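In the order they appear, the protein sequences are chains A and B.
Oh and the first sequence: position 1 is 197 in my numbering, straight run, nothing missing.
Oh and the second sequence: position 231 is 243 in my numbering, straight run, nothing missing.
Because the hints were derived from the structure by calculation, they are not lab data.
This one's a predicted model, so the numbers in the text were calculated from it and none came from an experiment.
Worth double-checking, as some hints may not be accurate.
[As the list claims (entries may be wrong)] Subject to a maximum C-alpha distance of 27 Å in a straight line, what follows is the list of computed DSS-like cross-link-like pairs (lysine-lysine): (1) B:K333 with B:K254; (2) A:K449 with B:K397; (3) B:K204 with A:K242.
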Amino acid sequence: MATLTLLQSVRDALLTEMGLDERVILMGEDVGHNGGVFRATEGLQKEFGEDRVMDTPLNESGIIGMAMGMAVNGLRPVPEIQFMDFIYPAFDEIVSEVAKIRYRSGGGFTCPMVIRTPYGGGIKGGHYHSQSAEAYFAHTAGLKVVIPSNPYDTKGLLIASIRNEDPVLFMEPKRLYRSLKGEVPEGPYTVELGRANIVKPGSDVTLICWGAMVPVCMKAAELCEPRGADCEVIDVRTLVPLDESTILESVAKTGRVVIVQEAPKTCGFGSEIAAIIAEQAILHLEGPIIRVTGFDTPFPYTLEHIYLPDAERVALAVGKAKNF
Amino acid sequence: MPAIEKDRGKKKRAAAVAEKASPILTVATPKASKKGSSVLREDCYRILDEHDKANPKEDPNLSPEVLLKMYRGMAFVRAFDERGMMLQRQGRIGFYVPSFGQEAIQIGTASAYTNDDFVFPSYREPGIFLYRGADLFEMICNLYGNSGDVCRGRQMPVHYSFADIKMFSVSSPIATQVIQAVGAAMAFKIRKENSVAVAYCGDGGTSENDFHSGLTFGGAYQAPVVFVVTNNQYAISVPVCKQTAARRIADKGAGYGIPSIAVDGNDVLAVHKVMSEAVARARAGEGPTLLECVTFRMGPHSSSDDPSRYRDEKLYEAWKKRDPILRFRQYLSDRKLWNDKKEEQLQAEMKAQIAEAIERAEKLPPPSTDSIFEDVYAEPTPQLKEQQKQLRAEEALRGKFENSSEAFPL
Chain A
197 MATLTLLQSV RDALLTEMGL DERVILMGED VGHNGGVFRA TEGLQKEFGE DRVMDTPLNE
257 SGIIGMAMGM AVNGLRPVPE IQFMDFIYPA FDEIVSEVAK IRYRSGGGFT CPMVIRTPYG
317 GGIKGGHYHS QSAEAYFAHT AGLKVVIPSN PYDTKGLLIA SIRNEDPVLF MEPKRLYRSL
377 KGEVPEGPYT VELGRANIVK PGSDVTLICW GAMVPVCMKA AELCEPRGAD CEVIDVRTLV
437 PLDESTILES VAKTGRVVIV QEAPKTCGFG SEIAAIIAEQ AILHLEGPII RVTGFDTPFP
497 YTLEHIYLPD AERVALAVGK AKNF
Chain B
13 MPAIEKDRGK KKRAAAVAEK ASPILTVATP KASKKGSSVL REDCYRILDE HDKANPKEDP
73 NLSPEVLLKM YRGMAFVRAF DERGMMLQRQ GRIGFYVPSF GQEAIQIGTA SAYTNDDFVF
133 PSYREPGIFL YRGADLFEMI CNLYGNSGDV CRGRQMPVHY SFADIKMFSV SSPIATQVIQ
193 AVGAAMAFKI RKENSVAVAY CGDGGTSEND FHSGLTFGGA YQAPVVFVVT NNQYAISVPV
253 CKQTAARRIA DKGAGYGIPS IAVDGNDVLA VHKVMSEAVA RARAGEGPTL LECVTFRMGP
313 HSSSDDPSRY RDEKLYEAWK KRDPILRFRQ YLSDRKLWND KKEEQLQAEM KAQIAEAIER
373 AEKLPPPSTD SIFEDVYAEP TPQLKEQQKQ LRAEEALRGK FENSSEAFPL
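Chain A on its own, in the form it takes in the complex (with noise of 0.2 Å):
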C-alpha cells in the first residue's frame, strides 16, 4: 500500500481505470501535455495518447457538450474543469442536457461521464477560485454528486463514478490535494456512492460535513473532546445520492447536530440535511440544528480565513447545540 496525497490518488484512479477501459477518455483545458494545472493528469498523455488525454480549446460549454456527445456514443469521458468557479459557462450543458438526456429519451440515451473540478477555498484564491458550488448540481435532478475528503476515498469513490451509469459531478477539496496524505491500495477498488462515512464515531453532537469541512470538523471534535463534548463525525461523501439513514441513525442517537459547509448559507446543501432532519427526526431532537458556513457574500481574497469555518467556529457551535 502506497502513502499518496489526495491529488496522487486522483492520478492514482485515472491511470488505473485507463488501463482497464479503453472508453475512458480525459479532456480539459491544459489536462494533456502539461498535465494539468494542478498536475492531477500528470503524465497520463504520454501514457495513453493524444486521442484518450485530450487538450481542449478554453471552452467549458464545449468540454461538457463534446464530451456529452461522447458518452451518448458510447465512450466514458471525464472532463476536467480546470476551477469550479470557471464551470457556470457549461451550466446549460450540464443541467439542460447531460442531466436530462436519460429521462428525456426514455432512456434510450444516457450519459456516463464524470465532471473532475477542484472545488473549495482556502488556497488564496479569490471569487473565482475559491468557490463551493454543490448546491446548484444537487439540485438537479440526473446528476450525481460526490465529494471525496481524502485519499482512499478520492480513488475508491473516483473509480466507482467513472463505472457509475449516470453522469457524476465529481468535487476535488483542492484545499486537501496536497496536504492530506493516506494510504491508498494498488489497483482497482471501489468506494459505494450512496454510502456516508461515520470518520469518528461519538455520543453527543452529531457532526455532519463533506471535502474539505471534515479534517475541519475532526479538529474541532478534538477540541470538544476535553470539554465534555463528544462528537460524531459524518463525512456524507455523496449529497447525491444522499445516504439519510447514516444521518438520522446518528441524530436519534445524539439528538443534536451541527452542519458544517463551506459554501454561503442560503440553500446550501446543508440547508436540505436540516430539513431531512427536521422532517424525519424531529422528536429526536434535544436542540435546534446549528449550520456553520461560509457568509451570504462573494467569497473574499485576503479574509479567506475568516470566511471558512474553521475548528473554532465549528466548536463554538458544538457548545452551543451541546449546551441548548
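Take the given structure of chain A and dock chain B to it, following the hints.
Frame of chain A; chain B shown alone:
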C-alpha cells in the same frame, strides 16, 4: 461539380499553404447561380433554375429509385406537418412545430448519409426522423405524450428521440446539439470508425454559445462532422439581419477554419449534392464543413406563434413560388418519373397511413404515474423511491378530501 471542390481547386495554392489548419474555402459562386431568383442571393449554390430546370452540368443524376424515395420523404413530412398542425388546432394535441418550406433541406441532407451516421437534429427536422425509418406510430405517440411514446410523455410534442436509428433526442435549448455532435464525431474518430455526425440548427442557433463551441472544437480536432444551418430567415420573430452582421451565415465558418458554402435550401438536388460532398470530406478525414441552407419559414415558429405580427409578406409570397416540393415535382415530371395520377395515389396513401396511426395512438392511455420516477438515474435513489411511495399513498386518497365533510379524512 459542387462548389466546395471547385473553389478548392481555384485556390489550390492558398489551400496548399493553409493545409489542414485553415482551409480557405468560403462561399462559392458557381455559374448556375447567376440566373437565380430575385429572392435568393446569387452566392447560393443551386442546380434548379428559376424555371425548375436542372443545370445539366450540375445535376447529380440520381437514380429514379433514389429520386422517388426523396420525393416521397418530402411529400410525407409535408403531409405529416399539415396533420400535426390540424391536430393542434383541433385541440387533440397541445403543441406542434411545422417544418413547412424546409422539406428539401431535411431530405436533401438525410439522403446524403447512411444509417451508421449519427444525427443531432433541431426540433424542425421531423422529416429526417421519418426518412431514416422512425416508426410513424411512435412519432405520433410522441405528439400525444402517451404510453406509446418512446420518450414516455416527458417532453413536449415534436421532441423526438430514436436511439435505434441514431437520431438524437431533440432539445428545446437552442444549438446545444451542435457541440454534442462534435463529441459523437470524435467518438467515431477515436474508435477509428468510418461514420460521421451531423448537427442541425437554425440561423438563430448560430448566435448561441454552443454553435461557437461546436465550430471551435470541430475545427480544432478536424472532427468528422457536418454542420447544417437552416437559414429560414427568422428566429421566431427576429429576422436574420438582426441576428448577425455577418454577410452570410456561411461566412461564419471561415473564422473557425471550416470550409463553408451557402446553398439554395429549396433545391433538393443542390442540397443533396453539397451535403454528399461534405459527408465525403468528413469521412475522408478532411474535417468539418458548414452548410448554410437558405430557405424561408413558410409556417409559424410553432402552433403558439402568429407570424402575421412580424413576417415580410412580400418575401413570403415570393418564396411561396419557390416551394421545394413543387420544384422537385416539376423536375421529376420533366424526367417522366412523376405525374398527377401518381401524386393523387401518393397523397391518398400517405393520408390513410397517418390517419390510421393517429387512430391507434389516440386509443393509448397516458404513461403510468410510476414512470415519473423512472429513467432519472439507472437505478432510482432512496429519495426517489420515498417520493414515489408518498405519491402512491396520496394518489390512493385523491378525491377523498374534496368529497368528504370530515376536516382531515387523510
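Q | List of violated hint numbers, smallest to largest | A | none
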